[in-house]
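Please build the complex by placing chain B on the supplied structure of chain A, with the hints as guidance.
Residue numbers (this note's numbering), protein chains in the order written: chain A, 1 to 295; chain B, 1 to 426.
Do not rely on the hints blindly, as some may be mistaken.
The calculated lysine-lysine pairs, modelled on PhoX-like cross-linking and capped at a C-alpha distance of 25 Å, are [stated by the list, open to error]:
(1) A:LYS157 / B:LYS241
(2) B:LYS179 / B:LYS159
(3) B:LYS109 / B:LYS285
(4) B:LYS333 / B:LYS360
(5) B:LYS241 / A:LYS49
(6) B:LYS285 / B:LYS159
(7) B:LYS145 / B:LYS241
(8) A:LYS128 / A:LYS157
(9) A:LYS128 / B:LYS241
(10) B:LYS179 / B:LYS285
(11) B:LYS218 / A:LYS64
(12) B:LYS241 / B:LYS179
Worth flagging that the hints you see were computed from the coordinates, not collected in a lab. For clarity, every value in this text was computed on a predicted model and none was experimentally measured.
Listed below, chain by chain, are the residues.
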Amino acid sequence: MATEKRFSDKLKTYLLFAGPTTFVFLTVIILPFLFGIYLTLTNWDGIAKTYTFVRLDNYLTVFKDPVFWNSFLLTVRYVLYTVVIVNTLGFILAYALTGNNVRGQNLLRTGFFIPNLIGGIILGLVWKFIFSTVLVFIGRSLDISALSYSWVANPNKVLWTLIIVSVWQYSGYMMIIFIAGLSNIPRDLIEAATIDGASGFNRLRSIVLPLMVPSFIVTVFLTIQRGFMVYDVNLALTDGGPFKSSELISMHVYKKAFLAQQYGVGQSQAFLLFVLVAAISLTQVYFTKKLEVEA
Amino acid sequence: MSRIKLGRLMLVVALVLSLSSAAVLAQNVEITILNSKGEIQTQLEEIARYYTSITDGVSVEVIAAGVGQSPFERAVALYASGNAPALLMLDAGDVLLFEDRALALNDEKWVADAIANSLDMATHADGRILAFPATVEGYGFIYNKPVLDNAVGGEFDPKTINTFDSLRQLFEQVAGSGKDALVIAPEDWSLGAHFFALAYAAQSADFATINEFQAGLKNGTVRLAENAAANGLMDTFDLMKEYNYDRLDPLAGLYDRGTELIGEGEVGIWFMGNWAWPQINDFDKADGQYGFLPVPISNNPADLGNTQIPVGVTKYFIVDGEQNSAAQQQAAKDFLNWLVYDPEGQRRFVVDANIIPAFKNITITPADPLAASILDYVQAERTMNFVLNLPPDHWAQVGASMQKYLGGFIDRATFFQEVEAYWQGL
Numbered sequence: 001m002a003t004e005k006r007f008s009d010k011l012k013t014y015l016l017f018a019g020p021t022t023f024v025f026l027t028v029i030i031l032p033f034l035f036g037i038y039l040t041l042t043n044w045d046g047i048a049k050t051y052t053f054v055r056l057d058n059y060l061t062v063f064k065d066p067v068f069w070n071s072f073l074l075t076v077r078y079v080l081y082t083v084v085i086v087n088t089l090g091f092i093l094a095y096a097l098t099g100n101n102v103r104g105q106n107l108l109r110t111g112f113f114i115p116n117l118i119g120g121i122i123l124g125l126v127w128k129f130i131f132s133t134v135l136v137f138i139g140r141s142l143d144i145s146a147l148s149y150s151w152v153a154n155p156n157k158v159l160w161t162l163i164i165v166s167v168w169q170y171s172g173y174m175m176i177i178f179i180a181g182l183s184n185i186p187r188d189l190i191e192a193a194t195i196d197g198a199s200g201f202n203r204l205r206s207i208v209l210p211l212m213v214p215s216f217i218v219t220v221f222l223t224i225q226r227g228f229m230v231y232d233v234n235l236a237l238t239d240g241g242p243f244k245s246s247e248l249i250s251m252h253v254y255k256k257a258f259l260a261q262q263y264g265v266g267q268s269q270a271f272l273l274f275v276l277v278a279a280i281s282l283t284q285v286y287f288t289k290k291l292e293v294e295a
Numbered sequence: 001m002s003r004i005k006l007g008r009l010m011l012v013v014a015l016v017l018s019l020s021s022a023a024v025l026a027q028n029v030e031i032t033i034l035n036s037k038g039e040i041q042t043q044l045e046e047i048a049r050y051y052t053s054i055t056d057g058v059s060v061e062v063i064a065a066g067v068g069q070s071p072f073e074r075a076v077a078l079y080a081s082g083n084a085p086a087l088l089m090l091d092a093g094d095v096l097l098f099e100d101r102a103l104a105l106n107d108e109k110w111v112a113d114a115i116a117n118s119l120d121m122a123t124h125a126d127g128r129i130l131a132f133p134a135t136v137e138g139y140g141f142i143y144n145k146p147v148l149d150n151a152v153g154g155e156f157d158p159k160t161i162n163t164f165d166s167l168r169q170l171f172e173q174v175a176g177s178g179k180d181a182l183v184i185a186p187e188d189w190s191l192g193a194h195f196f197a198l199a200y201a202a203q204s205a206d207f208a209t210i211n212e213f214q215a216g217l218k219n220g221t222v223r224l225a226e227n228a229a230a231n232g233l234m235d236t237f238d239l240m241k242e243y244n245y246d247r248l249d250p251l252a253g254l255y256d257r258g259t260e261l262i263g264e265g266e267v268g269i270w271f272m273g274n275w276a277w278p279q280i281n282d283f284d285k286a287d288g289q290y291g292f293l294p295v296p297i298s299n300n301p302a303d304l305g306n307t308q309i310p311v312g313v314t315k316y317f318i319v320d321g322e323q324n325s326a327a328q329q330q331a332a333k334d335f336l337n338w339l340v341y342d343p344e345g346q347r348r349f350v351v352d353a354n355i356i357p358a359f360k361n362i363t364i365t366p367a368d369p370l371a372a373s374i375l376d377y378v379q380a381e382r383t384m385n386f387v388l389n390l391p392p393d394h395w396a397q398v399g400a401s402m403q404k405y406l407g408g409f410i411d412r413a414t415f416f417q418e419v420e421a422y423w424q425g426l
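This is chain A alone, in the form it adopts within the complex (with noise of 0.2 Å):
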């Protein structure tokens, strides 16, 4: 009797505290989705009020597409291209900028972070205009053979396009994050160890990396994720284009669901890639968090 009276308690508290929050998220969140697994049985046009059961047909599909294949290869290259030079330039940023000597460390922190305050539409615009016309007018006059075509159009470096977009989108915000971990590392460890003669280096090797851990699984499961739904900038830098050979995994599923108006096998892919993701994701959690040690 007592327990099923703290019970009830528990969940007048919960729903108190978080009953409007579940509530969203079930119906948000959780409904579409599955609502949305049920329509990868079917061969739904998304307007027709009648459709039929297909089965696993739309997975077959997508199994055998080798262009969504091929566009999830070219999306893991871009994840990983953009969480290695990401994270990396982020954390050199951020420890740049959080010593003590260094002169307008605010002022370069906002810079730096601004970025990721432009949406994603409007960057890719910015950027659209200084790879095709800004580099390609400075290549030309100063007769940089490289700069002289536009990145954007030639199918073998538009992907860099992407990646450095995201990487100028993305690092300042990693930096803040590296900086929020960066000043919770208790001075005295780092005073010890200059007390025990370890270098600039040693410390940051063995010291400061292994605490920052923590902000790192942030960081990387934060970039892995945004790279993976990667749409805005996709959609105004390049449009997929030239040719669809920087169409990432999210612009092709949308094209496959409302402009080739197949709703189903688009749903079917993108259920595909949350598993992926999901479990892309999952994994490096677990196995960055084997990396966290205690202070």
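Coordinates of chain B only, in the frame set by chain A:
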């Protein structure tokens, strides 16, 4: 006691509220229009404001499909949220997908006044007319007359361009005058939905034959490499590539820069349609002297396509028959009638918004030179089919193959193979 009082009070308030809202409904009809022609958004909003001001109790609101968003997708989202507008402007190819949702408009007066073939894409197999033809559009080579006048040394006559060789000669003349002959917009929609669609349109003046050709591509019996029109079109494209302003970096061009180049007379010709006029007008240095040339595909002037440009109804309005009340549906129908039959409605729709109307009774014409040029072709009966019943991702897939060909990444045989593979994979 106080609780009962409160309950009574709330009942009374609820009653009053429901009464007043019912009264509001009876007087006021609000309808929403989904606009998918971004370039006329401001004009359409102005029309809506005016219409609201002249009618008693009808208010019209315009919402836009986002830039780069397909109208189909926007409409689907609006329907899914139970919030469908009364009028939805859709791409021609998407109209029949809304067969369960759109109101049949067979009894409307304008059906009789619609120009020939303008209702083809809106007529369901069961005979229902599901949509109102919103605008006629056409495309081809847009030319800047002063540039061409200067190149040919005298008055340029567009009728002289009716063969592949005459086009080559014109390109040479423009190049000789120190300008670039043309610029090719490398966008996939332009190359896929407009340029390569000429290969289908040039098969026959008869729409049924074009459909047969598409069916042949689907079942693999049509070989593009053996098709005269397809090869002729690609010959012309090779010629265009040779004289392209962006020939060094053909995929780097942008639609917006095309409007600037043609408007400022940096190039003589741009492959595009009349929808580009508002932007060209911003850069206009030719005093509005522009027009269309056909895209010739052979050396026989009598071949279809050498003297014709594709013209068709590209956008339709459907009236929602599902999520709007009868009063709203009626208001939507009235609004369409007002556009077609009221002199002020005609003027605002045709002149202010630069719409080429699809109705015989409208005699006024838009002021822009590209629309005027299209009307010239229509009156001279020098038009061919604007093929709009292509599969929904045709523009993206075939457009991507066209981009590869434009950039020199594949040869013609591979290009034809890719297009055939696309059709067979449907």
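For each hint, the structure was consulted:
1. A:LYS157 / B:LYS241: holds, 22 Å
2. B:LYS179 / B:LYS159: With Cα atoms ~22 Å apart, B:LYS179 and B:LYS159 stay inside 25 Å; holds.
3. B:LYS109 / B:LYS285: Not satisfied, since the Cα-Cα distance of roughly 43 Å exceeds 25 Å.
4. B:LYS333 / B:LYS360: holds, 19 Å
5. B:LYS241 / A:LYS49: Violated - the C-alpha atoms of A:LYS49 and B:LYS241 are around 46 Å apart, more than 25 Å.
6. B:LYS285 / B:LYS159: holds, 23 Å
7. B:LYS145 / B:LYS241: holds, 21 Å
8. A:LYS128 / A:LYS157: Status holds; Cα separation ~13 Å.
9. A:LYS128 / B:LYS241: holds, 23 Å
10. B:LYS179 / B:LYS285: At roughly 15 Å apart (the allowed maximum being 25 Å), B:LYS285 and B:LYS179 satisfy the hint.
11. B:LYS218 / A:LYS64: At roughly 20 Å apart (the allowed maximum being 25 Å), A:LYS64 and B:LYS218 satisfy the hint.
12. B:LYS241 / B:LYS179: holds, 15 Å
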